[in-house]
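Participant: Keeping their order, the protein sequence lines are chains A, B and C.
Sequential numbering from 213 applies to the first sequence in the numbering used here.
Sequential numbering from 4 applies to the second sequence in the numbering used here.
Sequential numbering from 49 applies to the third sequence in the numbering used here.
Keep in mind that the hints are not guaranteed to be accurate.
[As the list claims (entries may be wrong)] As a list, the in silico BS3-like pairs of lysine-lysine whose alpha-carbon atoms are at most 25 Å apart:
hint : chain 1 : residue 1 : chain 2 : residue 2
1    : A       : 537       : C       : 86
2    : A       : 532       : C       : 86
3    : C       : 86        : A       : 390
4    : C       : 86        : A       : 347
5    : B       : 104       : C       : 163
6    : C       : 163       : C       : 130
7    : C       : 86        : A       : 361
8    : B       : 104       : C       : 130
Simulated from the structure, these hints should not be mistaken for laboratory data.
Just so you know, these numbers come straight off a predicted model, no measurement behind them.
Here are the chains, one letter per residue:
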Amino acid sequence: MKKLWLSIVVFAFCVCGVGADCAAAAAEYPNKPITCIIPMEPGADGDINMRTIMKKASEFLGQPIMVVNKPGAGQTMGYRELYKAKPDGYTIGTCAASLIMAKMQGIYPQNHRDFSLVAFGYHALPIVLASTASKHSFQSIEEVVAFAKANPNAVSMATTSVGGAYWIAAQMVEMALKVDLNLIPQEGSAGFVVTAVAGGHADLGVTSFSAAKGQIEAGKIRFLGVAGPQRYPGKFNHVKTLKEMGYDASMSSFAAVMGPPRMPKEIVNKLSAAIEKAIKDPEVERTIVSRNMIPEYMPPEAFLKFCNEQEVGYRTVLEKLNMLKTK
Amino acid sequence: MEFDALFNGFATFLSVKYILACLIGALLGTVIGVLPGLGPTTTMSLMLPFTASLDATFGIIMLTGILVGSQYGGSTTSVLVNIPGEAASVVSCLDGYQMAKKGRGGAALALVAVGSFIAGTVAIVGTQVFAPLLGSAALSFGPPEFLALMVLCFILLSNLSGDSPVKGSCMFALGLWLSAIGVGPLDGVARFSFGVDDLMLGIEFLPVAVGLFGISEILITAVVPYVPPVLEKIRFRDLYPNGEEVRRSAGPVARGSILGFFVGLVPGPATVIATFVSYALEKRVARRPEEFGRGAVEGLVGPESANNSACVGSMIPLLTLGIPFNAPSAVLLAGLLMHNVEPGPLLFQNAPQVFWTYIAALYIGNVVLLFLNLPLVGIFARVATIRPVILMPVVSTICLLGVYCSRNNLFDVWVMVAAGIAGVFFRIWRYPVAPLVVGLILGPMAENSFRKTLLMFHGSLMPMAERPIAVAILLAAAAFIVVKVVYYALRRRRAAV
Amino acid sequence: MRRVAASTGAWVWCILLFGLGLTIMISSLQIGFGRFTKPGPGLFPFICGLILAVQSIVLCLAGDAGSVKNDETLRHPGAAPKFLALMAVLVLWILAMPLFGWVALTFLATLAIAKIMAAEGWVKPLILAAVNCGFSYLLFGYLLAIDLPTGFWG
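Next up, chain A with everything else stripped away, as it sits in the complex (with noise of 0.2 Å):
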């Protein structure tokens, strides 16, 4: 069993090596290792970036922040477990665009009004894309709109699950191109539309940039347009925003770091600065970017409004599918 135990203590020297440099703080806070409540699987693009992030952060901070796994139920699982912690500061925790759903879809009582917002970390716009493949390969917003005008549900189109960001975002384009299109939910994760639009499988599909570049440049699939306030910036500057186009489809998915309710404002405070500096640091900025998302630093206050901004667009969107469960 030597060998065993040796290779084990090889692998824990690893580990240990990721995020320990404990040099003792002077300040009261933080003065032990901080626990971080990610609510996705490892691996997850909100996972990885958000280590990312945290490692930063944590040199800033002067002390390790561990990161916790808790995925399940989108998200929800994650954010119980955070609602449940004290808010001393030493759990804390990151949040999607679930968070502002949940509530509105009867999934999960809170929502981002009743958690300490902490501060915002990147935006993941969502792309709609055209395959080339499929019979009908669609150029334009345009086309699609001209054929599915005249041919009612005859026109697929791949989004992620029932409820979840992107399907969301799906709902929106559906409703301000005014047409009636064939929604065909896949599971979980964008790369699963990725793949039904490049095979071919459906025509259209809402998704998220990232996993989408590869086959755009392969020429795969047509990016038509971004469902979200900005262009990507680089090389698909040229792409649209739908509401250029004058059809009005604007959400923006994102990944962000909160704290449990009732956090004291100077802990707050202290660890938005120190995730400030994490963002705008290059390396991670480089992590973010190499990722394709869109990086931007908010305090809580903008980072609240622009969460209420968001649920007004959710809520329209579910009460016009009678999903709406709570106000």
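With chain A held as given, fit chains B and C onto it using these hints.
Facilitator: Below, chains B and C alone, put in the same frame as chain A:
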């Protein structure tokens, strides 16, 4: 020209630093593969921020090492203590543990290591030669093709273990239903959760598998009086396979390698499908099918080879499409992106050196793992000779912790104990548990492909006939049934005469 | 196929599986079957239940629901009490963990399992329990930094 590129890949590799990266990765992978609950996904995500600060090649080599290493380690606990550490090792419990009980645990592990090495190498050669060609094949798999594949799986599975296909299909249906518990993947509706928060999360594979195999084994071992093995001291020779075992393994390894590679191209839980398709195949072609489930070496080596080969094969969709179809490859993708390597259809044009370094990493990783694993066989095999009174308390601790730390959730541990108790009764009444576990794994895929196909074709399944791949798979399923019926009919007639 | 006379246990299994299948079917209908053009969340579990119910009937008719001819597991002397005791240990182990913490309970549970499995004396089981508990804490709790329930110790 291609060989030049590969040699360049190897040349990149031949520095102490990269071999060290490979060694660390392989070692870590083996260790976490051995411990149930800690999969490659968790380990790789833990290591990601760590590799970010190193150079790109180092990081990629290390992550690859972890991934491939975990495939080697995964079967160890299946064989020695009947605990499948990951989905792909479920089938290995069936015959592997029986071999260990007969005192052939060392032989089993050694054969698995060599078989995995051969299969891995075959798949790497396949990747190297066919990757650009086969990449887009994964895209032609839409919902109807998956549905057809699931039908085939259902038919193969009911034949997986035990003597009664009816019992097998009962257990498979039960597994499928268990997978439907919780918030549905397509529409977010909570099903069969009775308002319990934890049930909304759904029932995971790991606690059920560890319970049905591991905990029920512990319960049964504890109850049955201990009979000391005839061989008190294991001689060196007994740790390694004998001539007959090697001869019997050659065919399964060859078939498993090729089968696994092609199944690996299919998006989704390819390694799991590869293992039991290989098991079903071996059972069909074996000269002594009655030995299956009682320690047939073919039933262990075939699936294990298929598993490793599928693991390598599943890298093709990742590298050529840039789409990860399972969790470990999602993390690998993250690692590549972090180093500004964007896998996808343009990888071969934009960064061919990455592809070839990767291929070289796979080759060397495989060799490293073989030499790492063969000496370990000797150590691990002794585990099987520890007296149960010492082994079982330790194993139950590992089961409990492993299951707990996969999701940091006590509920999973309850599921494990419940499955363990149910497993004892299943075993007494001869209900095979492997179909249940595999049903649980394949359930979401079966349901999603079924519902998406219905949506896609506006409520009809007939348009499936227009899709050649789906038709081919369904024909294979039909052929399997026909062969089986004819076989029974012939045997009955012979018995009557 | 060898025909075995169905025993009482076999019938119990058939009825159990059939009942489960039927229950699944009924509750699936309540969840929402949907239409074939827009399949609902209950459609798939309904089919699972249907397969289960139908196969359990086949099982009854075929008469091979469960032959216990060769399985003597629970018939060994003292087997049933041991089995029950082990189950109790497992259940208590998990039940009390949030209260008393991981370390103390693992020590006790290891000891209990070793004693139930008829380990002689006290010294060896105590050493085993201590080593097992120490190693598992070192590996999972300390090195892998998994947040295990600590109980009231803090």
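Participant: Against each hint, give a clear statement of whether it holds in the structure.
Facilitator: Results of checking the hints against the structure:
The suggested pairing of residue 537 (chain A) with residue 86 (chain C) holds, with an alpha-carbon distance near 21 Å, which does not exceed 25 Å. The suggested pairing of residue 532 (chain A) with residue 86 (chain C) holds, with an alpha-carbon distance near 18 Å, which does not exceed 25 Å. With a C-alpha separation of about 21 Å, the suggested pairing of residue 86 (chain C) with residue 390 (chain A) holds against the 25 Å cut-off. Proximity of residue 86 (chain C) to residue 347 (chain A) is assessed by CA-CA distance (about 22 Å); at most 25 Å being required, the pair is judged to hold.
Only pairs whose Cα atoms come within 25 Å are accepted, and residue 104 (chain B) paired with residue 163 (chain C) is accepted, the gap being roughly 23 Å. In summary, the hint linking residue 163 (chain C) to residue 130 (chain C) is supported, as the alpha carbons are separated by about 10 Å, within the 25 Å threshold. For the hint linking residue 86 (chain C) to residue 361 (chain A), the alpha-carbon distance of about 21 Å falls within 25 Å, and the restraint holds. The hinted pair formed by residue 104 (chain B) and residue 130 (chain C) meets the criterion: a straight-line CA distance of about 22 Å does not exceed 25 Å.
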